[in-house]
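Trainee: Spelled out, the chains give:
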Amino acid sequence: MPTDYTNELWEQSPDALVAVSADGIVRHWNPAATSIFGYTREEAVGRSMTTLIVPGDGVKDETRICADALRDRLVTYESVRRRKDGALLHMSVSTKAVLMADGTLDYFLTSQKDVTHLKVLRDAKLIEARFRDLLESTPDAIVIVNVTGRIVLVNSQAEKVFGYLRGDLLAQPVEILLPNRFRAAHLGHRVGFFAQPRTRTMGAGLELFGLRKDGREFPVEISLSPLETEEGTLVMSAIRDITDRKKADQKFKDLLESAPDAMVIVNHDGEMVLINSQAVKLFGWSREELMGQRIEILVPERYRGNHPANRGSFFAQPRARAMGAGLELYGLRKDGTEFPVEISLSPLETEEGLFVSSAIRDVTERKRFEQALRDKNIELENAALVKDRFFASMSHELRTPLNAIIGFTGTLLMKLPGPLNTEQDRQLRVVQTGAKHLLSLINDLLDLAKIGANKLDLRLESIDCKEVIEEVSAALLPEAHRKGLTFSTDLPKQVVRLRTDRRALSQIIINLTGNAIKFTQHGCVHLRLQQTLTAGHGTIAIGIQDTGPGIPIQDQARLFEAFSRVEAASQPQLEGTGLGLHLSRKLAEALGGRIVLSSEPGKGSTFTLELPET
Amino acid sequence: MAALILIIEDDAASRDLVKYLLETAGYGALAVADGGNGLRMALENDPDLVICDLQMPVMDGYEVVARLRGNPTWRRVPVIAVTAFSMAGDRGKALAAGFNEHLTKPITPETFVGQIEAFLPASLLATQRVR
Numbered sequence: 007m008p009t010d011y012t013n014e015l016w017e018q019s020p021d022a023l024v025a026v027s028a029d030g031i032v033r034h035w036n037p038a039a040t041s042i043f044g045y046t047r048e049e050a051v052g053r054s055m056t057t058l059i060v061p062g063d064g065v066k067d068e069t070r071i072c073a074d075a076l077r078d079r080l081v082t083y084e085s086v087r088r089r090k091d092g093a094l095l096h097m098s099v100s101t102k103a104v105l106m107a108d109g110t111l112d113y114f115l116t117s118q119k120d121v122t123h124l125k126v127l128r129d130a131k132l133i134e135a136r137f138r139d140l141l142e143s144t145p146d147a148i149v150i151v152n153v154t155g156r157i158v159l160v161n162s163q164a165e166k167v168f169g170y171l172r173g174d175l176l177a178q179p180v181e182i183l184l185p186n187r188f189r190a191a192h193l194g195h196r197v198g199f200f201a202q203p204r205t206r207t208m209g210a211g212l213e214l215f216g217l218r219k220d221g222r223e224f225p226v227e228i229s230l231s232p233l234e235t236e237e238g239t240l241v242m243s244a245i246r247d248i249t250d251r252k253k254a255d256q257k258f259k260d261l262l263e264s265a266p267d268a269m270v271i272v273n274h275d276g277e278m279v280l281i282n283s284q285a286v287k288l289f290g291w292s293r294e295e296l297m298g299q300r301i302e303i304l305v306p307e308r309y310r311g312n313h314p315a316n317r318g319s320f321f322a323q324p325r326a327r328a329m330g331a332g333l334e335l336y337g338l339r340k341d342g343t344e345f346p347v348e349i350s351l352s353p354l355e356t357e358e359g360l361f362v363s364s365a366i367r368d369v370t371e372r373k374r375f376e377q378a379l380r381d382k383n384i385e386l387e388n389a390a391l392v393k394d395r396f397f398a399s400m401s402h403e404l405r406t407p408l409n410a411i412i413g414f415t416g417t418l419l420m421k422l423p424g425p426l427n428t429e430q431d432r433q434l435r436v437v438q439t440g441a442k443h444l445l446s447l448i449n450d451l452l453d454l455a456k457i458g459a460n461k462l463d464l465r466l467e468s469i470d471c472k473e474v475i476e477e478v479s480a481a482l483l484p485e486a487h488r489k490g491l492t493f494s495t496d497l498p499k500q501v502v503r504l505r506t507d508r509r510a511l512s513q514i515i516i517n518l519t520g521n522a523i524k525f526t527q528h529g530c531v532h533l534r535l536q537q538t539l540t541a542g543h544g545t546i547a548i549g550i551q552d553t554g555p556g557i558p559i560q561d562q563a564r565l566f567e568a569f570s571r572v573e574a575a576s577q578p579q580l581e582g583t584g585l586g587l588h589l590s591r592k593l594a595e596a597l598g599g600r601i602v603l604s605s606e607p608g609k610g611s612t613f614t615l616e617l618p619e620t
Numbered sequence: 321m322a323a324l325i326l327i328i329e330d331d332a333a334s335r336d337l338v339k340y341l342l343e344t345a346g347y348g349a350l351a352v353a354d355g356g357n358g359l360r361m362a363l364e365n366d367p368d369l370v371i372c373d374l375q376m377p378v379m380d381g382y383e384v385v386a387r388l389r390g391n392p393t394w395r396r397v398p399v400i401a402v403t404a405f406s407m408a409g410d411r412g413k414a415l416a417a418g419f420n421e422h423l424t425k426p427i428t429p430e431t432f433v434g435q436i437e438a439f440l441p442a443s444l445l446a447t448q449r450v451r
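From first to last, the protein sequence lines stand for chains A and B.
Counting with the working numbering, you get residues 7 to 620 for the letters of the first sequence.
Counting with the working numbering, you get residues 321 to 451 for the letters of the second sequence.
Please keep in mind that the hints were generated in silico from the structure rather than gathered at the bench.
The reader is advised that the hints may include incorrect statements.
Computed list of lysine-lysine pairs in BS3-like fashion (alpha-carbon distance at most 27 Å, straight line) [what the hints assert, rightly or not]:
#, chain 1, residue 1, chain 2, residue 2
1, A, Lys421, B, Lys413
2, A, Lys340, A, Lys393
3, A, Lys259, A, Lys219
4, B, Lys413, A, Lys393
5, A, Lys456, B, Lys413
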């Protein structure tokens, strides 16, 4: 035990003991004051006590209390004090005016005891009694703190959200529910709120996080409201865990990012609130530069005037649609260059109201491609014209010399100039055959060129198929007989009318029948005309059947290709242009029909021309 | 009396062939190589029928027929186009231009004279036929 307590009591007092001169300057500051308020004796002595530890709104009270103390010598009261770190404490304060011998004030002695905890319990009791049932029924987590920032009430939703039991949280600074990095700043905000308490959202525009007991953070939305009680102002915070909404938001943003087009979401005022990276890339602005800007910044100057009005009418009647249908639209880059775009708009209903989502597609490439295609088409048309002219003049140039060859061979063979001996006659016939072959080659090539260029001059008229077959038969009968073949036709009794091109039909039948005669050495060639009805559609089938060598199945497909003659070992040198079947098939197709082949080696072939009856 | 036929044809071999066929058949034939001479010969010799190529230098067959048809004396004289033009529409174009017939080269020597005679009145057919 010390023998001199005078100094010892000052040093050991559990309460903060502060001596303040009449002008409010700290003269003495005991170790308890240091431990409670955080200022060392050196920091405190010589400075104004109110500046040090009295929060702004308490200064006036403090002046009044000093006046009371002067009058009554001793006053005891509860008041809020501020620590060096900004935290508020609830103190029980006794202030005594110490007088000099002449009765004037020497100094004020204040003894201050930290009753923050007691105050919390008092507040908690009051709030529990008054609001508990009400607060349990709200869906949000509710945390109520008193002026010192201590938690005085949590509802069970708050227990669940933060993972604490009520007892763990009571009387704790509310910062226990915040991630460490936000705590220091929060203290300041909290004091600020008490200075001007009104209902509002916390940290508008900021991302807020809560901290669970297990150390996990989660995004929150918090609204604050002051609660006036006889124990002073409390603050009620309603906390909503927005993890799910954030996830949904993130999903939405991801979706936006994954869109191939540039996407910009605009609010009612035309301000951009969401921009994907495609849009950033397309327009050359950074996301930060664009956020909150009016969408018109992306529109060339000359179109800006009408844009807000158009935007307004979209909001008036929102529905997904293409922008400016039929108009040429342009986007404007940061560097001032323009590019053609296609834009589709859709309304976007959100909790925050109606937005417009616009998908913007740069169609520069497509426009360029379309132009290239148009140029190419013109080029092709020109090429087709050149080709047509080429074929016309080729035909003309080849026919002119052939005229003399075929003509004079003919006059010689007609013996107009005089008699021929047998050998002269034979050789002239070889020349004539060759010349005629050349002519049919020219004719077939010309026909193919016409079909290829869709220039085939089809004259559709109602004709009698029987008549055409009879004409062809009459023309080819002598050749069949010369080879010793039986030539027969099987025609129905009635007239078979068909609307088609007579010349083309006749050419196909001549080609097919001519081939049949050419390739058949023994037996017969048989022409049959049939009318069939399949699925309500009438078909006219002209079958040309022979007893020739037949065509192996593997050769049948390429039989119709140009210049593809299937070599039969028995008939190595057969005449023909190699275009007859190819041309016949093309002609059949031009008439809306087809040629069907049925053949087997050794058993002959049947080519059937099938034409639809119209 | 057999008809006098004027041949306007720039290709010498073709001109020769047609002239030979017609003369052999007993007709009088005049042959020239271009449209301008053709028109002059027509006015000077008053032929009964004209055979005319379509594509010729200086004055083509279409102009020849247009000039002939423009003259009242020549309005009814048969004018036959013999041409290597055989593309779609060539025939229709020739008939529309005033030709009476459009024959395609190469001509068929066996039937050519007959095709021409179809446009001559019986009184002008050659009496002596070599066939």
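Trainee: Taking the hints in turn, state whether each one holds.
Mentor: Hints, verified against the model:
no.	hint	verdict
1	A:Lys421 x B:Lys413	36 Å, violated
2	A:Lys340 x A:Lys393	50 Å, violated
3	A:Lys259 x A:Lys219	30 Å, violated
4	B:Lys413 x A:Lys393	21 Å, holds
5	A:Lys456 x B:Lys413	18 Å, holds
Checked against the numbered hints given earlier, the structure breaks hints 1, 2, 3 and satisfies all the rest.
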